[in-house]
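Asker: Residue numbers (the numbering used here), protein chains in the order written: chain A, 2 to 382; chain B, 20 to 285; chain C, 86 to 394.
Any given hint could turn out to be false.
Now the stretches of chain B that chain C is said to cover, found in silico as 3 or more residues with beta-carbon under 8 Å [as the list claims (entries may be wrong)]:
#1 24–34
#2 72–85
#3 108–115
#4 129–138
#5 184–192
#6 206–217
#7 245–256
Since the hints were made in silico from the structure, they are not lab data. Note that CB positions come from ideal geometry on N, CA and C, so glycine has one too.
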Amino acid sequence: MTNDTSGDVRLSGIAKTYGSFTAVHPLDLTVPQGSFFALLGASGCGKTTTLRMIAGLEEPSAGTVHLGDQDVTALPPYKRPVNTVFQSYALFPHLDIFENVAFGLRRRGIKSVKKQVGDMLDLVQLGEQARKKPHQLSGGQQQRVAVARALINHPKVLLLDEPLGALDLKLRRQMQLELKRIQTEVGITFVHVTHDQEEAMTMADTVAVMNAGRVEQLGSPTDLYENPRTTFVANFLGTSNFIEAEVDTKSGDDIVLKAGGGKLVLPESRCAAATTTGGKVLVGVRPEKISLTHADDAGEIPEGRNRINGRITNSSFIGVSTQYVVDSAVCPDFEVYVQNVDRDTRLEPGADVVLHWSPAHTFGLDAAQDIDAGVEEGAAA
Amino acid sequence: MTFVNWLKRNLVVIAGLLTLAYLLLPNVVVTVFSFNNPKGRFNYEWQEFSTAAWQDPCGVSDLCGSLSLSLQIAFWATLGATLLGTMIAFALVRYRFRARGAVNSLIFLPMAMPEVVMAASLLTLFLNMGAQLGFWTILIAHIMFCLSFVVTAVKARVMSMDPRLEQAAQDLYAGPVQTFLRVTLPIAAPGIAAGALLAFALSFDDFIITNFNAGSTVTFPMFVWGSAQRGTPVQINVIGTAMFVIAVLFVLASMVISNRRTKQKA
Amino acid sequence: MSTLTEAPPPLTPTAPEKKPPRKRGRLVPYWLLLPGILWLLVFFALPMIYQASTSVQTGSLEEGYKVTWHFATYWDALSEYYPQFLRSVLYAGSATILCLVLGYPLAYLIAFRAGRWRNLIMILVIAPFFTSFLIRTLAWKTILADGGPVVGALNTLHVLDVTSWLGMTEGDRVLATPLAVVCGLTYNFLPFMVLPLYTSLERIDPRLHEAANDLYAKPATVFRRVTFPLSMPGVVSGTLLTFIPAAGDYVNADLLGSTDTRMVGNVIQTQFLRILDYPTAAALSFILMAAILVMVTVYIRRSGTEDLV
Numbered sequence: 002m003t004n005d006t007s008g009d010v011r012l013s014g015i016a017k018t019y020g021s022f023t024a025v026h027p028l029d030l031t032v033p034q035g036s037f038f039a040l041l042g043a044s045g046c047g048k049t050t051t052l053r054m055i056a057g058l059e060e061p062s063a064g065t066v067h068l069g070d071q072d073v074t075a076l077p078p079y080k081r082p083v084n085t086v087f088q089s090y091a092l093f094p095h096l097d098i099f100e101n102v103a104f105g106l107r108r109r110g111i112k113s114v115k116k117q118v119g120d121m122l123d124l125v126q127l128g129e130q131a132r133k134k135p136h137q138l139s140g141g142q143q144q145r146v147a148v149a150r151a152l153i154n155h156p157k158v159l160l161l162d163e164p165l166g167a168l169d170l171k172l173r174r175q176m177q178l179e180l181k182r183i184q185t186e187v188g189i190t191f192v193h194v195t196h197d198q199e200e201a202m203t204m205a206d207t208v209a210v211m212n213a214g215r216v217e218q219l220g221s222p223t224d225l226y227e228n229p230r231t232t233f234v235a236n237f238l239g240t241s242n243f244i245e246a247e248v249d250t251k252s253g254d255d256i257v258l259k260a261g262g263g264k265l266v267l268p269e270s271r272c273a274a275a276t277t278t279g280g281k282v283l284v285g286v287r288p289e290k291i292s293l294t295h296a297d298d299a300g301e302i303p304e305g306r307n308r309i310n311g312r313i314t315n316s317s318f319i320g321v322s323t324q325y326v327v328d329s330a331v332c333p334d335f336e337v338y339v340q341n342v343d344r345d346t347r348l349e350p351g352a353d354v355v356l357h358w359s360p361a362h363t364f365g366l367d368a369a370q371d372i373d374a375g376v377e378e379g380a381a382a
Numbered sequence: 020m021t022f023v024n025w026l027k028r029n030l031v032v033i034a035g036l037l038t039l040a041y042l043l044l045p046n047v048v049v050t051v052f053s054f055n056n057p058k059g060r061f062n063y064e065w066q067e068f069s070t071a072a073w074q075d076p077c078g079v080s081d082l083c084g085s086l087s088l089s090l091q092i093a094f095w096a097t098l099g100a101t102l103l104g105t106m107i108a109f110a111l112v113r114y115r116f117r118a119r120g121a122v123n124s125l126i127f128l129p130m131a132m133p134e135v136v137m138a139a140s141l142l143t144l145f146l147n148m149g150a151q152l153g154f155w156t157i158l159i160a161h162i163m164f165c166l167s168f169v170v171t172a173v174k175a176r177v178m179s180m181d182p183r184l185e186q187a188a189q190d191l192y193a194g195p196v197q198t199f200l201r202v203t204l205p206i207a208a209p210g211i212a213a214g215a216l217l218a219f220a221l222s223f224d225d226f227i228i229t230n231f232n233a234g235s236t237v238t239f240p241m242f243v244w245g246s247a248q249r250g251t252p253v254q255i256n257v258i259g260t261a262m263f264v265i266a267v268l269f270v271l272a273s274m275v276i277s278n279r280r281t282k283q284k285a
Numbered sequence: 086m087s088t089l090t091e092a093p094p095p096l097t098p099t100a101p102e103k104k105p106p107r108k109r110g111r112l113v114p115y116w117l118l119l120p121g122i123l124w125l126l127v128f129f130a131l132p133m134i135y136q137a138s139t140s141v142q143t144g145s146l147e148e149g150y151k152v153t154w155h156f157a158t159y160w161d162a163l164s165e166y167y168p169q170f171l172r173s174v175l176y177a178g179s180a181t182i183l184c185l186v187l188g189y190p191l192a193y194l195i196a197f198r199a200g201r202w203r204n205l206i207m208i209l210v211i212a213p214f215f216t217s218f219l220i221r222t223l224a225w226k227t228i229l230a231d232g233g234p235v236v237g238a239l240n241t242l243h244v245l246d247v248t249s250w251l252g253m254t255e256g257d258r259v260l261a262t263p264l265a266v267v268c269g270l271t272y273n274f275l276p277f278m279v280l281p282l283y284t285s286l287e288r289i290d291p292r293l294h295e296a297a298n299d300l301y302a303k304p305a306t307v308f309r310r311v312t313f314p315l316s317m318p319g320v321v322s323g324t325l326l327t328f329i330p331a332a333g334d335y336v337n338a339d340l341l342g343s344t345d346t347r348m349v350g351n352v353i354q355t356q357f358l359r360i361l362d363y364p365t366a367a368a369l370s371f372i373l374m375a376a377i378l379v380m381v382t383v384y385i386r387r388s389g390t391e392d393l394v
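With the rest of the complex left out, here is chain A (with noise of 0.2 Å):
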């Protein structure tokens, strides 16, 4: 990353109510120059008002906003070195594309616009249609010809608010692929506020994931998704399976958990949650870590794995994987994914099986919360 640091986007105690109504709770974050950044949550969140507090058009109730050295809190949005692309992208009806890309040049009294909005129409591969209205497009073109307005100035940082969320899942898929092409391009600083976890892990290099006005965890994808630290950011990101355990004892850099009469093992830094002896874990693992041996097998499992025994209560078959769900002792319905490599025909409904894994792919949370939540939000985005 480079050493400039004016493109920059700093938030101090950055806070929003309404009433008594918190929109945003005191929030401290840093968007580093050149960085594709995403803020992910569901809807109702503050995600947006985060986003739109940045854009200055809304006023935060506390704490500062800095670009690079400069504090902008006090200014109005037309006098930030920031642009937005909108969700369902606010183009003027009764400007033609050309004029609504030129908008924000003319705005800042630059009179020969031509060349520039024609090479940025050329760019988003709109040169045709320059003289078509907003409503003569389909709805990405529409996407495209919004980032080419906000781009076109040259702004510090680009916002965008769900700049994908009208548009169908394929061609969301190009979009996204298209938005990063760009920004490397570019090289200039993107927010962007999403509600689908997909989207935000294919796109930024950051994520941070907001729940009720607070961000639960920020980090690189790989990052949230392998190591989550709440249920809610385990729950919203994919599909967690979760085992309340209870910790046992402590051997070199693992701690033993005991659970439903077995012993699982969880390395220590994995672990969110305080590990007394005694005290209460939520021992979790994702869905596509977990092996599937049938009962009759056991014998040919690799020591050291984590273990369960169950039985198959559910199959569906989708293609590249199977999913089971898996009734045990510990938890009544497991997840589990399977590639579609070599199919053991004996793995239907009522079969007993093993579930075993690594402890490297296992994670501890408190178990003083909601192993739920999160999980309507997540299958909602």
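Starting from the structure of chain A, add chains B and C where the hints point.
Answerer: Below, chains B and C alone, put in the same frame as chain A:
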């Protein structure tokens, strides 16, 4: 049987067209009788075909004077009511302020009040103030009763406008004034135009309130009213017909133009 | 790298002090409202107060009027002119019902059945406005003329026998009877019924009709259970926009009626502009206003519609 079924299916269409005929019948009569050559002072019975009135529409004393007065009053009333009404509509949609309920009632009441009540009470005011009845009192009255209709028309348009458009303009370096001139106003324009058109029609055609507050000044509707007592010249039918035709042509032309424009661009 | 630390909860004073909010013109709405609202206050609200005061004055034109709290004017006006009041309510009510019955099919036709003719029909509904309504009302004198084709047809069909038995016409005449006045009122205010009806019908998703059909509703049931209830806002504002001006109208009663069809508007107009009995005229106008406001309020409450006009 098939005929009965057809009738059943299209009953609502037939009934609707009959209502339309009821609405248009007087206009047909007005048009036909603009070619009449009546015997007496009144133009209520068909005598013989004549284009005399069409060749000399201003041939009756005071008729064209009253018409031009009505057009002038309608123009200024439209301007005043549209300006004031648009300002109120923006305040109502875009801002929070105290006494919103009271303001809304004050806008609604003139539309829920019989004209004769407003006319009589306004005359009481003017009489008490010793105001000279004429052009200015008519104009004041017209702006007053057109205002609410403009507010309603503009409000509907501004309310349906995406507030993100103005935020986008601000985000793209347009200050408050620029945002209003470049984005808000052009997008609200159809609503403002609709309000202005309504105000013009209401003012031009108003009789009851004008009749109370005009003193000895005579607008076109008052001229027609007076002629209904003294004798109806064919020329008022000519003017009525001409206005109808002009209005229809005007609307048709603007529709054709906007159609062509969208087709060219698409 | 990105850094994150949760700031302490707002209870502790470490959270930055709230800055004075930047001035975004908190007075702007008041400046926007001022001229228009002032106009309405001075030329709409204030006159109402003047009128209220006039209604309790006594005196004469020559000696001037003084406020004497003479409420008897109201009683006198009501006892003398109650037939005109009743007539106003009756005529305006009949015209409103007729407008609804005639206007609904037309609005329905424009909203659902007109197809590419929709714009043309809309223009034809609105265009007559541009011919002065007085000229158009005078045309009814020709249409309903004694011995004319309309009266002739009604006579042949024995419609006039029924209406004259109901007291709405007299003998072979339609002109100068209550029927002519109601007919004129209906005609004049029909567009005010059709337009709001159309607006609320047009908002109905046609798929709702298909859904109702799919769920075993016959056309008549679809109308009763789906279309009509959904068009209620239009029905309410249409009836108000028709009834209110019709109740105060005096043009139709004057041009198409006779001395036996005088409505309260005619009385107010005569008292004010010819007899110059201002207190009586003001009292009558006040009673009319109060009656209409009460009726409108009750009607809106009962129909439970909030969004008017």
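Asker: Take the hints in turn and mark each one as holding or not.
Answerer: Here's how the hints hold up against the structure:
1. Given a C-beta distance limit of less than 8 Å, the hint that chain C covers the stretch 24–34 of chain B holds, as 3 residues qualify and 3 suffice.
2. For a cut-off of 8 Å, the count of residues in the stretch 72–85 of chain B with a CB near a CB of chain C stands at 0, and the three-residue condition is violated.
3. Taking a C-beta to C-beta cut-off of 8 Å, the stretch 108–115 of chain B contributes 5 residues in contact with chain C, enough for the three needed, and the coverage statement holds.
4. Counting residues of the stretch 129–138 of chain B whose CB lies closer than 8 Å to any CB of chain C gives 9, which reaches the minimum of 3, so the coverage claim holds.
5. Against chain C, the stretch 184–192 of chain B contributes 0 residues with a C-beta closer than 8 Å to a partner C-beta. That does not satisfy the three-residue criterion, and the hint is violated.
6. With a cut-off of 8 Å between beta carbons, the stretch 206–217 of chain B has 0 residues touching chain C; three or more are needed, and the interface restraint is violated.
7. Note: the stretch 245–256 of chain B has 4 residues with beta-carbon separation from chain C under 8 Å; the three-residue rule is met and the coverage holds.
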